[in-house]
Amino acid sequence: MSVTGGGLMHNILVQEADFDATAELAALSAGGAGAVASFIGVVRGAAGGRSLAALRLEHYPGMTEKTLLALADAAASRWELTGCTIIHRTGRLAPGQNIVLVATASPHRAAALAATAFLIDQLKTAAPFWKAEEFSSGEVEWVAARDADHAAAKAWP
Amino acid sequence: MRILYFAWLREKIGLGEEVATLPPEAATPRAVIAWLRQRGGGYAAAFTNEAIIRCAVAQEFCGLDTPLGNADEIAFFPPVTGG
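So the sequences go chain by chain: D and Y. Sequential numbering from 1 applies to the first sequence in this note's numbering. Sequential numbering from 1 applies to the second sequence in this note's numbering.
Treat the hints as calculated values from the structure; they're not laboratory data. One should not assume that every hint holds.
Stated by the list, open to error - Capping the alpha-carbon separation at 25 Å, the derived lysine to aspartate or glutamate pairs in DMTMM-like fashion look like this:
| hint | chain 1 | residue 1 | chain 2 | residue 2 |
| --- | --- | --- | --- | --- |
| 1 | D | Lys66 | Y | Glu25 |
| 2 | D | Lys154 | Y | Glu18 |
| 3 | Y | Lys12 | D | Glu24 |
| 4 | Y | Lys12 | D | Asp73 |
| 5 | Y | Lys12 | D | Glu58 |
| 6 | D | Lys66 | Y | Asp65 |
| 7 | D | Lys154 | Y | Glu50 |
Quantities reported herein were computed from a predicted structural model and do not represent experimental measurements.
The task is simple: from the sequences and hints, build the whole structure.
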């Protein structure tokens with residue numbers, strides 16, 4: 001969904017389909033922003049030394065979109081942004097496939113880089129997504145939250 | 001009250017959501033958990049350890065002792081792992 005928050009147009013999507021990162025970054029650049037920064041999370045090929053067949057991702061429809069919009073608003077209130085895109089996939093994703101795109105546009109590179117890092121750090125601990133790892137052995141295990149992710153999210157002043 | 005379960009709570013309980021009429025004493029998420037646990041089976045298995053359960057009331061994260069007030073939706077889940 002394209003939603004307006006804090007006077008800025010955010011592009012917030014939760015979807016099973018893949019995204020076209022090139023097209024999304026081009027859309028953010030189109031206004032002549034000056035700087036566009038992005039982060040793409042990709043499914044790993046192994047976890048804890050075990051070969052991974054796929055990740056399964058589920059989310060809390062409604063709350064997820066609200067949370068991502070609030071995070072985008074928070075980023076836009078802290079940094080001078082001209083655009084913000086967050087696309088998170090759900091469903092069964094194979095190694096190498098895209099999971100999430102976070103991208104921001106700003107007149108200044110420092111703002112775009114910082115806002116992008118802020119958004120992915122906060123998303124990991126605040127947005128209601130859950131991952132299960134499907135190993136090549138056939139075992140399926142829910143991923144445990146990582147203390148390091150919480151530390152990264154809290155480290156933002 | 002609409003009650004939602006995610007991730008391994010959904011799997012242990014065997015459903016993603018249900019609508020239930022809560023007794024008056026189930027006025028906080030912790031009290032709802034106690035009430036659900038009495039059902040036994042998958043509910044007892046899912047709610048064995050409250051310390052690893054997170055919740056949202058009206059789609060906002062909250063502590064287990066937050067009063068439910070007039071909320072009509074509550075969700076239980078493990079700590080989130082997106083990104």
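Right, here's what the structure says about each hint:
1. D/Lys66 to Y/Glu25: Status violated; Cα separation ~30 Å.
2. D/Lys154 to Y/Glu18: violated (34 Å)
3. Y/Lys12 to D/Glu24: violated (39 Å)
4. Y/Lys12 to D/Asp73: Violated. Y/Lys12 to D/Asp73 sits at ~36 Å, over the 25 Å cutoff.
5. Y/Lys12 to D/Glu58: holds (16 Å)
6. D/Lys66 to Y/Asp65: Holds, at about 23 Å.
7. D/Lys154 to Y/Glu50: Holds, at roughly 23 Å.
Checked against the numbered hints above, the structure breaks hints 1, 2, 3 and 4 and satisfies the rest.
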